[in-house]
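Residue-level listing of the chains:
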Amino acid sequence: MNALLQMLSYHFMQRALLVGVLVSLCAALLGVPLVLKRYSMIGDGLSHVGFGALAIASALHLAPLAVTVPVVAVAAVLLLRLSRNSRINGDAAIALISSSALAVGIVSVSVTTGMNTEVSSYMFGSILALSRSDALLSALLSAAVLALYLLFYPRIFAVTFDESFSRATGVRAGAYNSLIAVLTAVTVVLGMRMMGALLISSLIIFPALSAMRLCRSFRGVVSCAAALSVGCFLAGVTASYFLETPAGASVVLADLAAFAVCALLGRRRKGR
Amino acid sequence: MAILSCENLRFAYEGVTVLEDVQFSLNQGDYLCVVGENGSGKSTLIRGLLGLKRPDGGSIRYGEGLKQTEIGYLPQQTGIQRDFPASVYEVALSGCLGSLGRRLRFGAAERERALMNLERMGIEELKDRSYQALSGGQQQRVLLARALCATQKLLLLDEPVTGLDPIATGELYNLIKLVNLCDNITVIMVSHDIHEAVRYATHILHLGQRQLFFGTAAAYKESSLARRFLGGNRL
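For the protein sequence lines, the chains are A and B, in the order given. Numbering-wise, numbering that gives the first Met the number 0 puts 27 at position 28 of the first sequence, and it's gapless, one number per residue. Numbering-wise, numbering that gives the first Met the number 0 puts 110 at position 111 of the second sequence, and it's gapless, one number per residue.
Everything labelled a hint here was simulated from the structure, so no lab data went into it. Values in this document were obtained by computation on a predicted structure and should not be read as measured data. Beta carbons are placed, not taken as given, at the ideal position from N, Cα and C, and that holds for glycine. Errors might be hidden in some of the hints.
Simulated pairs of lysine to aspartate or glutamate, EDC-like, Cα-Cα distance not exceeding 20 Å [to be verified]:
(1) Lys220/B - Asp29/B
(2) Lys66/B - Asp182/B
(3) Lys52/B - Asp90/A
(4) Lys36/A - Asp90/A
(5) Lys66/B - Glu109/B
(6) Lys36/A - Asp82/B
Just a few of them, taken from the derived set where beta-carbon distance is under 8 Å, the chain A residues facing chain B [said to hold, decoys possible]:
(7) Phe11
(8) Leu35
(9) Pro63
(10) Arg154
(11) Arg215
Chain A regions said to be covered by chain B (calculated; three or more residues, Cβ under 8 Å) [unchecked claim]:
(12) 164-175
(13) 218-225
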């Protein structure tokens, strides 16, 4: 108990927990429509673009978030277009963009500062990466993501469930797809510093998949994913503090464990 | 006054005309079946009527105060994932989206309408069940309830009985006819099943990349076109 209190007394831990909880919440909420629309790859692609943008921003000594957020948001809309375009192979295009962005990032880091701890912290995340202003901006942005998601919830459901029906009733489905993509981009960038570019997409995909094993209504899946995501984040970060393991990877492992439990429970329920 | 009238309608994809010379009008309470072989332009006409595809010629006019976004649409099942986690109530409620306007949340009126339409389809006791766990016939009833939430006047059904067993098919046809007769809702249905089409519909539109026939079901039965389409068997 004392150890827990001590953990909470560190400023960097407070910042990490605040931003982490908000970002996990956003990621879980957005993950449900993304997974259901078969857009999981977009989250992964975005994190690589985010890495590239972050590397270039730090090479040019620019504010990391101010550069990365808009770049990734543009990439999100672009990736969405690509994956919907049947004339070119969407999957391949996303893979192409994400590995190219990764390569650009690695080259620009190695040219300027050399392949050092910086790259590793981008790739695998670091709990110390958040400065005070970063944390403030992150909290504000993720609150905005949450608010927008909740405001447009009925429309997001309709567009996710049946796009042509919602188009026919006058919903601008394309606009809501872009909204989801841009919100995802913001979430990916915010979570990337802590979770790492290689691990952030699991924050989006795992809670949705786990919740879908257990719940059968959309509202149920969304709330269950949100609860699982925050729970796993807190468990993972606490474990990483005591076991001195990297935070991002610990959170992913907690998510994996939750998924295994949910899959088992879901199977048992189905079997009955 | 007609609830829907099409004049010299023409649709093309990238300059290639796929449907032309479409000219018909419907009154409130009519039941139109659109028939024709694959590739005859049925789906294109549907997309046009819904405003998802712009006509390349001619015009579509809605009357009786009907707006294009107030059509109750039941899409082909293929467009919806069968494993989607959603409750029956959530699906039906999403049909009320068009009446939301600038509001962000559903109010009591919309929730009531969703329940009322589930009741109309005889599935109100399924409202908390998962959509993915239902049988094909039940799923179609949920989608019909959703379509009814979206409209007071015009239903547009795209091959609603595809993949259903004969009993569920008959039940769905009866429900649609019931809505048509009791609530005076105009029905436009795309169908492969011409025998059933002639039995339930008041009007037939036969397409083959252009309009081959439009008229009452009785007149269609007597036409040489119907006989040819049915392979020589009289109806």
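Hints violated by the structure (numbers, ascending): 3, 7, 9
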